[in-house]
Amino acid sequence: MSKHHQETAPFIERLIFNNRLVVLLFFLVVTLLLGYQAAQVKPDTSFEKMIPLEHPYIINMIEHQDEMANLGNSIRIAVAIEDGDIFSTEYMETLKRINDEVFFLPGVDRSSMRSLWTPNVRWTEVTEYGFDGGPVANRPAYLTEEDLEELRTNILKSGEIGRLVANNFKSTIIEVPLQETYPNPEDQGEQIRLDYGDFSRQLEEKIRSEFQNENPNISVHIVGFAKKVGDLIEGILKVLLFFGAALAITFVLLLMFTRCIKSSLTALICSVIAVVWQLGLLRTMGFGLDPYSILVPFLVFAIGISHGVQIINGMAIEYATADDAPTAARRAFRSLYIPGIVALLSDGVGFLTLLLIQIEVIRELGIAASVGVAVIILTNLILLPVLMSYIGISKRAIQRNRDMASRPQKLWLTVAKFAHPTVAPISVVLAILGFGFGIYHGQKVEIGDLDPGAPELRADSRYNLDNDFIIRNYSTSSDVLVVMVSTPPEMCSTYETMDAIDQLEWRMVNLPGVQSAVSMVSVAKQVIMGNNEGSLKWQTLSRNQDNLNNAISRAPSGMFNSACSLVPVMLFLNDHKADTLERVTAEVEAFAEEYNTDQLEFKLAAGNAGIEAATNEVIEKSQTKMLITVYVVVILMCLITFRSIRAVLCIIIPLALTSVLANALMAFLGIGVKVATLPVIALGVGIGVDYGIYIYSRLETYLRQGLPLQEAYYETLKTTGKAVTFTGFTLAIGVATWIFSAIKFQADMGILLTFMFLWNMFGALWLLPALARFLIRPDKLRGK
Amino acid sequence: MRKPIKRRASSCRLTSFSGQLATGGKQSLTRQVLAAMGLSVVLASISAPVALAQEAQEPATSAAVISPKASSALLLDVDRAGDRLVAVGSRGHILYSDDKGESWQQAPVPTRQLLTAVDFVNDTHGWAVGHDSLILHTSDAGESWTIQYRDPELEHEVDPDGPGLLEKPLMDVWFRDTRTGFAAGAYGLFLRTDDGGQNWDDLTYEIDNEDGFHYNAIAEIPETGLFMVGELGMMFRSPDFGDTWETIEDLPYDGSLFGVSGTGEPNVVLAWGLRGNMFRSEDFGDTWEEVALMTPHNGPLQATLSGGDYSEDGKIVVVGTGGFVVTSDDQGRNFTVVSRPDRAALASATVLDNGNLLLLGQRGAVKGDSTGMPQNGSAADSIPAAGTPAVQ
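The listed protein sequences derive, respectively, from chains C and W. The opening position of the first sequence corresponds to residue 17 in this note's numbering, with each subsequent residue numbered one higher. The opening position of the second sequence corresponds to residue 1372 in this note's numbering, with each subsequent residue numbered one higher.
Looking at chain C on its own, in the form it has when it is part of the complex (with noise of 0.2 Å):
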């Protein structure tokens, strides 16, 4: 090294680049290290991490879980036929085999389980001599014509129609309740956790391909949570085979950029690197990786690589006045060590604005990308100049550099026209018309899932398909959303309490949105009339306590729990938008407000529908709390950097007109605010505002040296404007690749983000000049 570099040199640059061998070392050494704990990082499908559990419906929720523990847990196999109806030997007969098989898979809970097979769904009958009844399927085998006879008259007698059997009769269901835990076949001291991933693995092989293989007149349709879960892991695993083909594009753009094979490989592996320190760092502080953070690792590294870009043009640049890789490098890192760190602080602090949600999901992708920009910090700021200075960059590249900085570039000299002092209104124009369009379009946006179904799943998903088939032909909604009622021990069958109950039912049944409404006492009004002999003048409560009691034991389970202390009541709803579940939590407030005493409460909210509403409330307040925070930090390190606030605004402006319009993009797409959008916000902020603070710190260098404004910006163009357009590009296809997965939330992540990036480059590029042709003034700048 030259005694003339080390002068000019700032510290942290003369501590970096004169120890090389040492930074190579350590970065060597942690690099296997973090490597070891990534390899052992495991997908984590924790949903008690997607709830905003400081809710007061979730935390009622969690505290009557265990008494409500058999409602939510069970899956539903509907298994129909394509060809004919159930009533045929071939059907009775598959469907006996089916229900054997499911019989025997870990974790069922066999005694409550419910199909035409199962002795427990009984028909009955009122007679001269008061109840008849007995099992639907009381035959080992439906052989005749007579037997398939009687089968049709017990079903009608079961009234099982539109529950356990199809409206049309060509299909029957297999209700599977599932335990959480139970006891290990080998060791009954043993208790196993079921395992979703592995149950939905089996429910596919061994029930679905199985029967639908062997007799193509059958399909199986199965819907429950536990099914969800299942292919939501499947989904997790097929994403990180995008990486592969991020990383593929990736090369090739880089090689396209670069000309150089051995910077491009230099840049693709540092920010692998940092990948591996984010993972493993992910590990070590105790996280695994769910749907959401699983997305942080692409983030990362196109962060990196958009970074790396910046350090190999710079040193392609710098090229053209040094003379060897070193001086090159530490003269392209002397450059751009300020705005790449203020950029990727911008960044985390960005990300760590989601810490304010409070959703553990949300926090902990806040955490892992910010732990990633760090660690991009390290790799790509130091790793990458450092190891460029010994590997350097070929000499075609170099040559290639050289003949375009000195040829007029035509592409750059026309969007330097966005700086002239007649485009320059224009554009502010389109800017305010496109604020103005963003905004009124943007009002439609609402909160929460919009799509039917299960909105973690693709319209179009197995899932999805099945839960429209199941919702199609029989008598079921799929949003469900459960008051609870807590009395005192053994008042919960008292005619005050069960008349209460009965109020809220047919307030809520008369609400729009709610289809109908279950609990024990609209189980118990069938039981008095059935105890009446079927009349339906008996549809009504006794006001009797023993008739009361007999009434409710007859419920099916978990319709009010042990102690007699907790009835669920389930609205069942026409779906799951915030609207309708604002509307529905409002008037159980309501409601309950009204009739609440020291012996009667009506909570809120267990089910998907009650959990989706306290998720949806804490994101609308969350939704602004966020936007202005991450706003605020990063102005303020604007601020820092440039010390102007015609700076801020410049690079700012561009920034919100991409958050705006990404609004009005999510309503034109049907996107819904939720758990996976509130973080794009952050993301989009955050990672946006790299490409003002690099062209504005270029541009104001320009600027310095006295040149106006149009041709500051040109020289900006040529020498970082490349650098800044591939950097959209490369980010853009990190995320885009989301938009394939499985995953619906995953891929309106990838839409949105490659959305933000796109434009704010854009944004960057075409309006950051024009807003400086007002906002700043070359001359108080120059000789700064």
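Calculated directly from the structure, the hints in this document are not laboratory data. Be careful, since some hints might not be right.
One side only, chain W facing chain C, incomplete, derived with CB under 10 Å [as the list claims (entries may be wrong)]:
no.: 1; residue: 1438
no.: 2; residue: 1536
no.: 3; residue: 1602
So the derived label-pair ranges between C-beta atoms look like this [as the list claims (entries may be wrong)]:
no.: 4; chain 1: W; residue 1: 1742; chain 2: C; residue 2: 99; range: 23 to 33 Å
no.: 5; chain 1: W; residue 1: 1548; chain 2: C; residue 2: 526; range: 34 to 44 Å
no.: 6; chain 1: W; residue 1: 1527; chain 2: C; residue 2: 135; range: 37 to 47 Å
no.: 7; chain 1: C; residue 1: 527; chain 2: W; residue 2: 1527; range: 28 to 38 Å
no.: 8; chain 1: W; residue 1: 1611; chain 2: C; residue 2: 527; range: 31 to 41 Å
no.: 9; chain 1: C; residue 1: 99; chain 2: W; residue 2: 1704; range: 55 to 65 Å
no.: 10; chain 1: W; residue 1: 1569; chain 2: C; residue 2: 526; range: 33 to 43 Å
no.: 11; chain 1: C; residue 1: 475; chain 2: W; residue 2: 1704; range: 53 to 63 Å
no.: 12; chain 1: C; residue 1: 562; chain 2: W; residue 2: 1493; range: 39 to 49 Å
no.: 13; chain 1: W; residue 1: 1493; chain 2: C; residue 2: 526; range: 29 to 39 Å
no.: 14; chain 1: W; residue 1: 1438; chain 2: C; residue 2: 444; range: 24 to 34 Å
Note that CB positions come from ideal geometry on N, CA and C, so glycine has one too.
Once you've looked at the hints, dock chain W against the given chain C.
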């Protein structure tokens, strides 16, 4: 004496039964004596505190909720007030229709109890009865209703250690004219008024029904008298339209009967009930003949038959659980049975002017063609709502 079917808590029944003897029985006897002496002023002063107490028991929140879904929720009975149809059912719903059941308006009603029957004596005056022994009255063709009577036992504090209140719903009501009417219900409850419902006398012990079996329906047999059927096939007749009652000894059936109707001809009675049983008498109940009801594909009708009606031109309709509709065009000699595709339980029906049917039941008021099947474009064929409760 038949053994009662084991379905009520027998202990509670016995206790309250004796309780009734002690209080209700005595009171009614006193009242009768007083009435016989013509001391109506004294009578009024006795019933006044009861009436006051009832009003105090009915807070504003217990008025029926006005709901667009009332016409598709459980409805149990319908009658005509002139050209208007008035239907009653669950949660205190009373609905009226001036366009033959196409659209329904809900009347404000001061109760949310299940109402079981309605009877109009002319274009404007009608009574509805229901659970809690409720009797409601309208004098404006069903547009507004007031409570005339409620189970007096509801005013007493329930002993927390006792068997609880024995709930006695009224099952049917019939008025001879605007002053005299009868209401009958569970556990032998039988009430009479002679002043348009201002005062109701409990005549439970005037009828030979000492085990207190339920009365399920009362019907007027033209030019003949009143006929009443009930639990365990019990039958009662009154040739003087309600003043005296005779218990029929020679019964055709020992299962419960839920409905009774004339056919338009004098002395002809049609009674029906459990398991598709229907009987026809041409001599006001002296002798009976079983009516064979065959389903289209599935052998004899097994479903319980609940309510029905006949039209002036001799058309009869009887409905039941499982969506079964039984019709006759020849005054009850031959019947057609159909099963509606939705299979929703039906409680009652009436024949509209054009020969089509108005059916009431689990899904409220629905229309059917002349056999009771859904008409084209009717929503009755649709899938039942989600989460219809299962009974195990």
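Hint by hint, which ones does this structure get wrong, listed from lowest number up? 8, 9 and 14
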